[in-house]
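*Asks:* The listed protein sequences correspond, in order, to chains U and Y.
So the first sequence is numbered by this note's numbering: it starts at 1 and just counts up by one.
So the second sequence is numbered by this note's numbering: it starts at 1 and just counts up by one.
Treat the hints as calculated values from the structure; they're not laboratory data.
Don't take every hint at face value.
Straight-line distance between alpha carbons at most 25 angstroms, and here's what the computed SDA-like set of lysine to any residue pairs gives [stated by the list, open to error]:
1. Lys335(Y) x Glu252(U)
2. Lys342(Y) x Ser105(U)
3. Lys19(U) x Glu252(U)
Being a predicted model, the structure only gives us computed values, none of them experimental.
These are the residues of each chain, in order.
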Amino acid sequence: MAQMTMIQAITDAMRTELKNDENVLIFGEDVGQNGGVFRATEGLQDEFGEERVFDTPLAESGIGGMSIGLALTGFRPVPEIQFFGFVYETMDAINGQMARYRYRSGNTRPMPITVRSPFGGGVHTPELHADSLEGLMAQQPGLKVVIPSNPYDAKGLLIQSIRENDPVIFLEHMKLYRSFREEVPEEEYTIELGKAEVKREGTDVTLVAYGAMVHSCLKAAEELEKDGVSAEVIDLRTVSPVDYDTILASVEKTNRAVVVQEAQKQAGIASNVVSEIQEKAILHLEAPVLRVTAPDTVYAFTQAEEVWLPNHNDIVEKVNKVVNF
Amino acid sequence: MFQILNEKGEVVNEDAMPDLSDEDLKEIMKRMVYTRILDQRSIALNRQGRLGFYAPTAGQEASQLGSQYALTKEDFILPGYRDVPQLIWQGLPLYQAFLFSRGHFKGNQMPEGVNAVSPQIIIGAQITQTAGVGLGFKKRKEDAIAITYTGDGGASQGDFYEGINFAGAFGAQAVFVVQNNQFAISVPVEKQSAAQTIAQKAVAAGIEGIQVDGMDVLAVYAATKEARQRAVDGEGPTLIETMTYRYGPHTMAGDDPTRYRTEDMDSDWEEKDPIVRFRKFLEAKDLWSEDEENEVIEQAKEDVKAAIKEADNTPKQKVTDLMENMYEELPSNLKEQYEEYKEKESK
Numbered sequence: 001m002a003q004m005t006m007i008q009a010i011t012d013a014m015r016t017e018l019k020n021d022e023n024v025l026i027f028g029e030d031v032g033q034n035g036g037v038f039r040a041t042e043g044l045q046d047e048f049g050e051e052r053v054f055d056t057p058l059a060e061s062g063i064g065g066m067s068i069g070l071a072l073t074g075f076r077p078v079p080e081i082q083f084f085g086f087v088y089e090t091m092d093a094i095n096g097q098m099a100r101y102r103y104r105s106g107n108t109r110p111m112p113i114t115v116r117s118p119f120g121g122g123v124h125t126p127e128l129h130a131d132s133l134e135g136l137m138a139q140q141p142g143l144k145v146v147i148p149s150n151p152y153d154a155k156g157l158l159i160q161s162i163r164e165n166d167p168v169i170f171l172e173h174m175k176l177y178r179s180f181r182e183e184v185p186e187e188e189y190t191i192e193l194g195k196a197e198v199k200r201e202g203t204d205v206t207l208v209a210y211g212a213m214v215h216s217c218l219k220a221a222e223e224l225e226k227d228g229v230s231a232e233v234i235d236l237r238t239v240s241p242v243d244y245d246t247i248l249a250s251v252e253k254t255n256r257a258v259v260v261q262e263a264q265k266q267a268g269i270a271s272n273v274v275s276e277i278q279e280k281a282i283l284h285l286e287a288p289v290l291r292v293t294a295p296d297t298v299y300a301f302t303q304a305e306e307v308w309l310p311n312h313n314d315i316v317e318k319v320n321k322v323v324n325f
Numbered sequence: 001m002f003q004i005l006n007e008k009g010e011v012v013n014e015d016a017m018p019d020l021s022d023e024d025l026k027e028i029m030k031r032m033v034y035t036r037i038l039d040q041r042s043i044a045l046n047r048q049g050r051l052g053f054y055a056p057t058a059g060q061e062a063s064q065l066g067s068q069y070a071l072t073k074e075d076f077i078l079p080g081y082r083d084v085p086q087l088i089w090q091g092l093p094l095y096q097a098f099l100f101s102r103g104h105f106k107g108n109q110m111p112e113g114v115n116a117v118s119p120q121i122i123i124g125a126q127i128t129q130t131a132g133v134g135l136g137f138k139k140r141k142e143d144a145i146a147i148t149y150t151g152d153g154g155a156s157q158g159d160f161y162e163g164i165n166f167a168g169a170f171g172a173q174a175v176f177v178v179q180n181n182q183f184a185i186s187v188p189v190e191k192q193s194a195a196q197t198i199a200q201k202a203v204a205a206g207i208e209g210i211q212v213d214g215m216d217v218l219a220v221y222a223a224t225k226e227a228r229q230r231a232v233d234g235e236g237p238t239l240i241e242t243m244t245y246r247y248g249p250h251t252m253a254g255d256d257p258t259r260y261r262t263e264d265m266d267s268d269w270e271e272k273d274p275i276v277r278f279r280k281f282l283e284a285k286d287l288w289s290e291d292e293e294n295e296v297i298e299q300a301k302e303d304v305k306a307a308i309k310e311a312d313n314t315p316k317q318k319v320t321d322l323m324e325n326m327y328e329e330l331p332s333n334l335k336e337q338y339e340e341y342k343e344k345e346s347k
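Same shape as in the complex, but just chain U (with noise of 0.2 angstroms):
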């Protein structure tokens, strides 16, 4: 076991798959010699070589044109787009191409690829670097989307995310990049796509949560226990598909949920999750299930972060509302 943080686990994820599958390419913006802007994938070109871990010119479009003519030539590739805001510029190779690709060829042109792409706010980002755009991903069938909360979970869902045979996008919060280490394991293992975790037991309240939310969540949780309010915290790691049986059965036990997302009202995923709750657990609800979200306005200026971005007291709050509705 060794302390990693974040994107150690990450850059540790791709050294592991790019030993055992000699498929799998890495290619991106500045990714190579420079080791990526946050560097990921530091050390990777020195150690497997300029064949497997490279630069390409600076479109993303083309990158996700490229990953998929890969692809179709038998490679495993895992391209980075270097800020997820920009993923408006490969909508279509994504979304529109990619995602349908084993569906309009029949079951015979398979596309395992992994996209990764850091997103999420706090660390006073220029614009369009921080957007939560995981909703418009979440929208398309083909894709898999998986949104990471913690060094453990990043390397075990990074090795799975490669070695599916189907597109992933891999979205990694910049503000959980290096802000804590955890005991990460050194050989490689893997956690299922499609499952969540419970984080933390509680019996009055479900918290669902992804992303840098889920540690909002955890304190707020402790904040809440102080006032005798027990929180069950759960971490759906991967938001598209989402992992209903989990959430489900602890909303039978609680009663009561609050799903919380940095993203606006009108994006992100809370309202599938909302909408599956109500409709196969409503008789067991004490209270509507309410949503804890950014405004539904454009990302925050930098300067605005602080008021902008959904926080541990919004949680509380939105918590007291459900627990004394």
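Following the hints, position chain Y against chain U.
*Replies:* Then chain Y, alone, in the frame of chain U:
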């Protein structure tokens, strides 16, 4: 403009004459005639409601088939929506091409060994994907190229530039064919760009570009053959612009070319007909007769009849079929929906 045969079927560029046997020359003619009949029959079948989406090909036989004839089985085709003939001659059974037209997933299942994907509807998407296939072949050191096709309008897309630029930067084993048929639906090529040729857009990517008489099957063949060789020799990708024309409408979905084309323009291009020209060339060499041509026509008609029948006999698609083609393994949401539809389908 690179040309070998003029409109009278005379060789005007002996030096560039490709090395083709008499059998090859006859085979090329057969394919062009067959494809012209296929186009006529497809339009008729579409009007009868027995085919769906169809983009006419008459006029582009030299451009489509001359380039395909320069390929090997190992080469990979990434076609646009008008490029069904290339797939057929690369090995896609005719009934599957008809299923593609109708909208059935079985039409898109390339048989084992047919290196191609189904026609691309998003104009430009095939270009960046071709850069990837061409890079894949280079990495695997294969004696194969990726070839793709778009139209004159397609050369205005961002993905067109990105695709040829990536291919250039990586030395991908790729050939990009722009079939300049003068119109993107109703918009003439002059309104796409102030560039005098599309071939010169290769300069922006630092790759070879060549403008070819797209009504001259020998010129298209020779240009593609050379581009293919350069690509596998590690000399980089090529952009080929074929100057061609579609005699029919853009698609069969209600486009009316009389709104934007003059009769003069149509008749000018009819004089350049690739089949007429090549027929003259072959007849002068005593390699072609009316009987042979009629035989090909009859064969094409019979094949079309048999293929449409086979398409008719293909089982209807079920929602559960569509679900099964989504992922290697059904995710939880689809598992649940699969059960619902399985139940519906059992009634």
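*Asks:* Run through the hints listed earlier and report the numbers of any the structure violates, in increasing order.
*Replies:* 3
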